[in-house]
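Visitor: Sequence:
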Amino acid sequence: SGGQANRGQTLVALRLVAVTAVVLLVPVTLFGDELALILFGDDFEGIGRTMAILSLAAVCTGTSGLIFNVIAGMGLHRYASWLTAINLSITATLGWYLIPRFGVEGAAFAQLTAAAVALVFLGAIYRRTQHVGSSAAGEAQESPVKREPLMRDGSSSK
Numbered sequence: 001s002g003g004q005a006n007r008g009q010t011l012v013a014l015r016l017v018a019v020t021a022v023v024l025l026v027p028v029t030l031f032g033d034e035l036a037l038i039l040f041g042d043d044f045e046g047i048g049r050t051m052a053i054l055s056l057a058a059v060c061t062g063t064s065g066l067i068f069n070v071i072a073g074m075g076l077h078r079y080a081s082w083l084t085a086i087n088l089s090i091t092a093t094l095g096w097y098l099i100p101r102f103g104v105e106g107a108a109f110a111q112l113t114a115a116a117v118a119l120v121f122l123g124a125i126y127r128r129t130q131h132v133g134s135s136a137a138g139e140a141q142e143s144p145v146k147r148e149p150l151m152r153d154g155s156s157s158k
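The sequence shown maps to residues 1 to 158 in this note's numbering.
Hints listed in this document are in silico derivations from the structure and should not be mistaken for laboratory results. Small disclaimer: the values here were computed from a predicted structure and weren't measured. All C-beta atoms in this analysis are idealised placements derived from N, C-alpha and C, irrespective of residue type, glycine included. Please note: incorrect hints may appear among the correct ones.
To be verified - What follows is a set of in silico ranges between Cβ atoms, one per label pair, in the way DEER data are often shown:
hint	residue 1	residue 2	range
1	V23	P100	28 to 38 Å
2	G73	V104	33 to 43 Å
3	E34	I99	44 to 54 Å
4	A80	A13	11 to 21 Å
5	L25	R78	12 to 22 Å
6	T84	L30	31 to 41 Å
7	A13	R128	13 to 23 Å
8	V120	T29	15 to 25 Å
9	G46	Q9	40 to 50 Å
10	P100	A13	34 to 44 Å
11	G103	A13	27 to 37 Å
12	G103	A72	30 to 40 Å
13	P100	V19	19 to 29 Å
When you get a sec, could you build the whole thing from the sequences and use the hints?
Guide: Structure follows, in structure tokens:
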């Protein structure tokens, strides 16, 4: 069915993000300080840990973006406002607390926390709207969102 095909495409994209993240994160995590010296020079010595934190945040943000696009494609873009308010609140609140104490690492951690919360939020919305894991047989069910057929020009058939 169309819902299962969409879920299959989403899972393929999520797997691609996961593989890409591992390939890019391992070097940054293991050799962050060395990479920073090579890429940015002596002025940025010691930022390897900050780079690793921001790289994890980027993975969360990229994965959230993928899930958000799927949800928005289902006509559920109202969650964007909620997500924006949640992210802004978390980043600002943690930033005010962590930046004076930990500098750029505090800012990076505030960003990581907001990105991780966004990922959990969107993942929960996706699971709820797709009924992932909720059927008796353990298979995903069709989305409850009613989709209008689109014409070639992208307009609704109504």
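Visitor: Give a verdict on every hint.
Guide: Quick rundown of the hints versus the structure:
1. Checking the proposed 28 to 38 Å range against V23 and P100 shows it holds: the Cβ atoms sit about 35 Å from each other.
2. At roughly 36 Å, the beta carbons of G73 and V104 sit within the given window of 33 to 43 Å.
3. Distance hint check: the CB atoms of E34 and I99 are about 26 Å apart, inconsistent with the given range 44 to 54 Å.
4. The beta-carbon spacing between A80 and A13, approximately 19 Å, falls within the hinted interval of 11 to 21 Å.
5. Distance hint for L25 and R78: a CB-CB separation of about 32 Å, inconsistent with the stated range 12 to 22 Å.
6. Checked against the hint of 31 to 41 Å, the C-beta distance between T84 and L30 comes to roughly 34 Å, which is consistent with it.
7. Between A13 and R128 the beta carbons are some 20 Å apart, a value that agrees with the proposed interval 13 to 23 Å.
8. The given range of 15 to 25 Å is respected by V120 and T29, whose C-beta atoms sit roughly 22 Å from each other.
9. Separation of G46 from Q9 is about 42 Å and conforms to the stated range, judged on CB atoms against 40 to 50 Å.
10. The given range of 34 to 44 Å is respected by P100 and A13, whose C-beta atoms sit roughly 39 Å from each other.
11. Distance hint check for G103 and A13: the Cβ-Cβ separation is about 35 Å, which falls inside the suggested range of 27 to 37 Å.
12. Between G103 and A72, the C-beta spacing of about 36 Å keeps the proposed range 30 to 40 Å intact.
13. Look at P100 against V19: about 38 Å separates their beta carbons, and that is not inside 19 to 29 Å.
Going through the hint list in order, the structure does not satisfy hints 3, 5, 13.
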